[in-house]
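Note that the protein sequences, when read in sequence, are chains L and H. Just add 22 to wherever you are in the first sequence, counting from 1, and you've got my numbering. Just add 398 to wherever you are in the second sequence, counting from 1, and you've got my numbering.
Just so you know, the hints here were simulated from the structure itself, not pulled from any lab data. Each hint should be verified, as a subset may be incorrect.
Only part of the chain L face toward chain H is listed, based on derived beta-carbon distances under 10 Å [stated by the list, open to error]:
{"id": "1", "residue": "59"}
{"id": "2", "residue": "66"}
{"id": "3", "residue": "86"}
{"id": "4", "residue": "90"}
{"id": "5", "residue": "102"}
{"id": "6", "residue": "106"}
{"id": "7", "residue": "108"}
{"id": "8", "residue": "125"}
{"id": "9", "residue": "127"}
{"id": "10", "residue": "129"}
{"id": "11", "residue": "131"}
With a Cα cut of at most 27 Å, we get these calculated DSS-like pairs of lysine-lysine [what the hints assert, rightly or not]:
{"id": "12", "chain 1": "L", "residue 1": "130", "chain 2": "H", "residue 2": "440"}
{"id": "13", "chain 1": "H", "residue 1": "440", "chain 2": "L", "residue 2": "92"}
{"id": "14", "chain 1": "H", "residue 1": "481", "chain 2": "H", "residue 2": "440"}
{"id": "15", "chain 1": "L", "residue 1": "133", "chain 2": "L", "residue 2": "92"}
{"id": "16", "chain 1": "H", "residue 1": "476", "chain 2": "L", "residue 2": "133"}
{"id": "17", "chain 1": "L", "residue 1": "95", "chain 2": "H", "residue 2": "440"}
Cβ atoms here follow ideal geometry from the backbone N, Cα and C, with glycine treated the same way.
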Amino acid sequence: AQKITQTQPGMFVQEKEAVTLDCTYDTSDQSYGLFWYKQPSSGEMIFLIYQGSYDEQNATEGRYSLNFQKARKSANLVISASQLGDSAMYFCAMRENQGGSEKLVFGKGTKLTVNP
Amino acid sequence: EPEVTQTPSHQVTQMGQEVILRCVPISNHLYFYWYRQILGQKVEFLVSFYNNEISEKSEIFDDQFSVERPDGSNFTLKIRSTKLEDSAMYFCASTADTPYEQYFGPGTRLTVT
Numbered sequence: 023a024q025k026i027t028q029t030q031p032g033m034f035v036q037e038k039e040a041v042t043l044d045c046t047y048d049t050s051d052q053s054y055g056l057f058w059y060k061q062p063s064s065g066e067m068i069f070l071i072y073q074g075s076y077d078e079q080n081a082t083e084g085r086y087s088l089n090f091q092k093a094r095k096s097a098n099l100v101i102s103a104s105q106l107g108d109s110a111m112y113f114c115a116m117r118e119n120q121g122g123s124e125k126l127v128f129g130k131g132t133k134l135t136v137n138p
Numbered sequence: 399e400p401e402v403t404q405t406p407s408h409q410v411t412q413m414g415q416e417v418i419l420r421c422v423p424i425s426n427h428l429y430f431y432w433y434r435q436i437l438g439q440k441v442e443f444l445v446s447f448y449n450n451e452i453s454e455k456s457e458i459f460d461d462q463f464s465v466e467r468p469d470g471s472n473f474t475l476k477i478r479s480t481k482l483e484d485s486a487m488y489f490c491a492s493t494a495d496t497p498y499e500q501y502f503g504p505g506t507r508l509t510v511t
């Protein structure tokens, strides 16, 4: 079974509008972390935002916010005021604490295209 | 701002050859990782390394792979006898402490011909 599911292979948004990228996860751990990374066409992986399972507030970093709904096991990324430079692949990832594992498990990604 | 660096950016090798991918993690980080991404696919965990030993490895990380921290700054991934299916982008990552964010290097694109 997939640990991280990103159901949107591609998304389009107009410049200056907000967009939500979906991510659902599957874990039996009580303690875990959720991450979003951006991968532009140049290939590097850029950390965007982190949400811990015990964090009561949704994480925010500038124009990025994470809509964390624990009961639904979803951790959607919201990008406000989209810019052309936001066009990239976006990956959701999870780190489970079970057994002291440190690895990140990634979803398949969503390709975001920002139109002028 | 400190960053993870990787060399080379692109490596082309023939099947059966050995390759060494190099990484310099962020200097005060303690945990090191290798991931790979086959073109168009998701990023997959290979191995984690802490306190000079492997702490976890995936089923992908078989006997053909090895990691080493030969000095205080470098972290290497060696593939002993490359196969066509090893062609991928290989990312090194590091973190100061878990459970915090892992910082990724720019990647090495390995092409096996």
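Each hint, compared with the structure:
{"no.": "1", "hint": "59", "result": "holds, 7 Å"}
{"no.": "2", "hint": "66", "result": "holds, 4 Å"}
{"no.": "3", "hint": "86", "result": "violated, 13 Å"}
{"no.": "4", "hint": "90", "result": "violated, 15 Å"}
{"no.": "5", "hint": "102", "result": "violated, 21 Å"}
{"no.": "6", "hint": "106", "result": "violated, 22 Å"}
{"no.": "7", "hint": "108", "result": "violated, 18 Å"}
{"no.": "8", "hint": "125", "result": "holds, 4 Å"}
{"no.": "9", "hint": "127", "result": "holds, 7 Å"}
{"no.": "10", "hint": "129", "result": "holds, 6 Å"}
{"no.": "11", "hint": "131", "result": "holds, 6 Å"}
{"no.": "12", "hint": "130/L <-> 440/H", "result": "holds, 5 Å"}
{"no.": "13", "hint": "440/H <-> 92/L", "result": "holds, 24 Å"}
{"no.": "14", "hint": "481/H <-> 440/H", "result": "holds, 20 Å"}
{"no.": "15", "hint": "133/L <-> 92/L", "result": "holds, 25 Å"}
{"no.": "16", "hint": "476/H <-> 133/L", "result": "violated, 31 Å"}
{"no.": "17", "hint": "95/L <-> 440/H", "result": "holds, 20 Å"}
Comparing the model with each numbered hint stated earlier shows that hints 3, 4, 5, 6, 7 and 16 do not hold.
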